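Model the full assembly from the supplied sequences, consistent with the hints where possible.
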Amino acid sequence: MQRKNIIGWGVIASLVLAFFLGAGDFRAVAQGPDGWTAYELNLRAGPGGSYEVLAILPVNTGLVFEAHNGDLNWLLGQTEDGTWRGWVASGYLSYRDGFAAAALPVSSEVVTAPPSDAEAAGSAPAPTNGAIIAQELVYETDRSQYYRITYWSDGLRVNGFLGMPTLGGSHPAVIYNRGGAWDTGRLTGLEIVPLVESGYVAVASQYRGNAGSDGWEQFGGGEVN
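Using this note's numbering, the first residue of the sequence shown is number 114, and each one after it goes up by one.
Since the hints were derived computationally from the structure, they do not count as laboratory data.
Owing to the predicted nature of the structure, the values given are computational and were not obtained by experimental measurement.
Hints are all accurate, no fakes.
Ranges of calculated distance between the beta carbons of each label pair, as one might list FRET restraints:
#1 V172 / A226: 17 to 27 Å
#2 N173 / A216: 22 to 32 Å
#3 G281 / S163: 44 to 54 Å
#4 Y152 / I246: 16 to 26 Å
Virtual Cβ for every residue (Gly too), placed ideally from N, Cα, C.
And the structure:
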């Protein structure tokens, strides 16, 4: 009888241990995301704006966090569906009730980027500067159309807006740039409306590293291209 009790308690202890070892995965599944992106947000390989952009996360992407960089400006985590893992700037997130980033461990891990499609395929032609790779109609009037666009610039994906008159004939063009540190000058698209409604074709680009664009700010350097 005593031997059976020992075996029984051993089984129970093993089950309890297995439960706690798997507690991290259980928390992520049962509790859901710790936070969500408040804007389109760059997911970076490391805790800083100079690290490689691994992905551009859409608004309201759920994230489960595992560490912070020490000063709480950057959080390491993965998307709720497990597709992406990397660092995000903590100031551009909304959080679930009760979440405390300070309770996470400190990390300086640099996440390895997954192979790009070009690397996986072995080779691919270099992207053409200025080539539009995504274009979404966001507003239309009886005389104009407005698009949210993404285009190539020096091998980086840059976001912006394109507006054009729909009336026939030739139209002058304007390139509109504005930006500021940490998204303070991000564009909404409304900036080009007066130009387009006056008969101009207008293209407005976000600064590199702002509003989901690849790259990082150089304060008057290449980020305006």
